[in-house]
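Go ahead and model the full structure; you've got the sequences and the hints to work with.
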Amino acid sequence: MNQPTYPNALRTTKTEYPRPDFQRGTSEGIDWINLNGPWHFAFDPGDTGEQAHWFAPDKFPDTPLQIQVPYPWESLAAWGQEETADNATYLSPNAYLHPEHVTCGGLEREGNYRDAPRHTIGWYRKIVSVPETWHPQPVILHFGAVDWHTKVWVNGHYLGEHQNGYLPFEFDITHALTPGQPADIVVRAYDAQEHGEQTVGKQANWYTRTSGIWQTVYLEPRNPTHLQQCHITPDIDASTATFAVSIARADEHHKLRWHCDGMQGEIPAAETTHFTLHIPPERLRLWDVDTPNLYPVTLELLRDDTVVDTVYTYFGMRKVSIEKAPGGEYQYIYLNNRPVYLLGALNQSFTPEGVYTYLTDEDLRTDIARAKDFGFNFLRLHIKVDEPRLYYWADKLGILFMCDIPNFSTYTETAQANLEETLRRTIARDYNHPSIISWCVFNETWGLGGREFKNLPERQEWVRDMYQLAKSLDTTRLVEDNSPCLFDHVETDINSWHFYINDYARAKEHIANVVQQTYPGSPFNYAGEHVQAHAPLINSEYGGISAGAGDKDISWCFKYLTNELRLHPKIGGYVYTELQDIEWEHNGFMNYDRTLKDFGYDVRHINALDFIGIDSPPGTTGAPGDKIAMDIYASHFSHKTVAETQLHWRLDALDALGRLTRAVVSGTPVPIPFPPYQVEKVHRLKLDIPDIDTAVGTLHVWVEDRNRAV
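Count the sequence shown with the working numbering and you get residues -11 to 698, in order.
These are computed hints drawn from the structure, not numbers from a lab.
Nothing here was measured: the structure is a model prediction, and the numbers come from that model.
There may be inaccurate statements among the hints.
Stated by the list, open to error - What follows is a list of derived Cβ distance ranges for each label pair:
no.	residue 1	residue 2	range
1	263	494	55 to 63 Å
2	309	77	42 to 50 Å
3	504	474	15 to 23 Å
Said to hold, decoys possible - Below, a list of computed lysine to any residue pairs in the SDA-like style, where the Cα atoms sit at most 20 Å apart:
no.	residue 1	residue 2
4	139	250
5	384	282
6	459	322
7	628	274
By construction, the Cβ of each residue, glycine as well, lies at the ideal position given by its N, Cα and C atoms.
Structure representation (C-alpha cells):
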C-alpha cells in the first residue's frame, strides 16, 4: 500500500441534523452547530498523549494533520480521498502502523488489512465559537457514535468518558466555557487491536475496522429542564398513539404542549409524562411499505407560559403481529392485520468511501430507494446499529427492517454487559421508527461458542434472558433470539435459518427437509431441550455464492433458490445475501460502489408479492419430441383482489445464430385458483419439445385475470 498522505483542506459533508426522529435544532449556526468537517488530528502510537497533556489548549501536537469528521480513520473519506474509492479500493493506509506491509483484499480475501497492526489511539481537536445568544442556557456537546473508548476535554477541563462504538452520548460543557471565548474541544478515541469483549459486529475480522468518530458531532443549547426522550406506541385497532415523554427536572410549574396533524393538547409535566392521542377515523392513515404515512409531532415544554424546550418527532401507525394466514394452517408475520410476505435482503451497510459512515445523506436515501427498486420490502440490517438518518429514510420511503445487535467474540461478563447495554440503548433510541419490525439479538451464535453452544445450557439461558429483556423493553415488535446457521434457537418469535448452497438438487433437498421438520414441538433448529412453538418460518440468510467464493454472477442462483423457497407455504419470507458487495465479498445486487449489476432479467419478477413458482430444475436438456412436465405454484400476497385468473405460458427459442423465435410452443390459457395469502399447486404444465434445430429455450409462465392485472 502507499505511504500515508494528508491533504491540507477537507470539505464538510453530512450537514443535516442527525436525529430527525428527535430534532431540537432547526437552523444550523443559530440553534445548533454542526461540528462535522476538518478537525486537527494526531495519532498516539506510544499512548503518551494524556501524560503530555495533549488536552491542554497549548499542548496539542503541532502537526499539519487534519481528519474529516465523521468518518473513521480507516476510511478514505477521513483523509479527503473519497474520490479514489472503488470496488477494490476501500480503506486508507493512514490507519496502519506500517502501511508499507499492509495488503488490501481487492478481489481476494487473502489481504492482511483486517489483522495488520493499526493505530489504536487518535486525538481530535476543534476550536469553535459558541453564540453569545445561547447564554445562559447550558451548552451540550453531542456525539452520534465514537468507536470505542472516548475521553473528552473542553478548554483543558476533563468532561468524562464513554465506552461503546454504536451509541450516542453527550456532555454539558457549560462550566468549561468562558463567556466571549471559543470552545477548544479535544477528543481522545481508543479502539483496541484486540476487541473480543467489544460489541463490534462484522467490522472486525470480516471487513475494515471502524475507529474513532463515525457519526455526527454537534453543539446545541438546552434548558436545564428539557425533553429527554419520547416513546410513541401506536395502536391501529384502537386508533390511538400513546406517548411516554421523559423530562429532566420538571416541577409543578411545567406543562407539556403537543401538536400533531392538526390536533393539540396541553397537560401538566412530570418526570415521565404520559398521554394518549385519539386519532379520528377520518384522520387515521396507516404506515406500510406502499403508503409510508407519517404523523409529525411537535412537543413543547413550558414553564408557566414560556416555551423552554421544543422537539420535533414523528411516528407511524402500524402494527406487527403473528397469526395464521386466512384459510391457511401456517403462521405468518402480519403488518396491519394482514399477512406480509417478506421479500428481503441482507444489508451490511458498509461503503467504500466511509466504511461504516455513508458519505452523504443522499447515499443513505439511495440505498433504501434502490432496495425498493429491486422489489424488496424488507432489509435485515446486519449486526450494526446505524446512523439514525438511515432509519428515517426507511420510515419515509417505506421498507421494513430487522435490526441486529452487534456481537462480541469472547464470552465474558464484560462482553455480556456490553451487549446488554447496546441492546437496551438501541431499543430506547430507535423505538419510534415504524420501519423496524423486529430485533435480532444474536447472529449464528457468534461469541456464544459456535457449535458448542448446544452443549452450554447456561449460555442458552442467557440468550433466553436477552430475548425476554428485549420483549420487555419493546412489546410492539418481534424479537429473534439468534439468527442461526447451526440450527440453535432457544426462544424466539421468528423461526429462521441460514443456508448457502449453489446446487439445485442439494438446495431443493435441504429446503424440503427444513420444511418437513418445522412444526410445533419439533426439536429441529433448536438447541438443548428447547423445541419449536408457533413461530413463523422464514429464511434469514441464503445464497449460492458464499462470502469467499470470489466475483461470480449471482443472477442464476438467486433465481432458482428464491423460486424453490417460494414453493413452500410454511415459508413466510426470505433474506438474500446481500444488497451490495462488500470489499472481498461479491454476492450483492449492487457492486460495492453501488453501480448496478446486469441480471439478464427483471429481478422484480422474483421479488414480487404475487409470484408463479415452477417446480423444475433451473435448466434441462431434451430432444425434439421429448415430453416435459412440471408443477406450477401460485403465491398471492399483494392484497389485490383478483378474479377469473388464468395461467398462460409460451416457449421461446434462441438458435445457435442468436435468432429469437417467440412462442415456438404455447398453451391454451388454463383457469387456475389464486387464493389470497396462500401458496399452493395450481396446475401441472406439460409440453413437448418442438422439432427445431439446436436452441436454448426460455419458458415464460404468467397469470392474468379478467383485467390482465396479475
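Inset, instruction - Given the hint that residue 139 pairs with residue 250, test it: the Cα-Cα distance must not exceed 20 Å. - result: It is violated: about 44 Å lies between the C-alpha atoms, which goes past 20 Å.
Inset, instruction - Sort out whether residue 274 lies within 20 Å of residue 628, counting only the CA atoms. - result: 17 Å, holds
Inset, instruction - Given the hint of 42 to 50 Å, check if residue 309 and residue 77 actually sit that far apart at their C-beta atoms. - result: Cβ of residue 309 to Cβ of residue 77: about 46 Å, so the range 42 to 50 Å holds.
Inset, instruction - Confirm or reject the claim that residue 504 and residue 474 have a C-beta distance inside 15 to 23 Å. - result: With Cβ atoms ~19 Å apart, the hint holds.
Legend entry - residue 263 versus residue 494 beta-carbon gap, inside 55 to 63 Å or not: 57 Å, holds
Inset, instruction - Measure nothing beyond the straight line between the CA atoms of residue 459 and residue 322; if it is 20 Å or shorter, mark the hint as holding. - result: 17 Å, holds
Inset, instruction - With a cut-off of 20 Å on the C-alpha distance, tell me whether residue 384 and residue 282 pass. - result: OK: residue 384 and residue 282 at ~8 Å, within 20 Å.
When the structure is compared with the earlier hints, a violation turns up for hint 4 alone.
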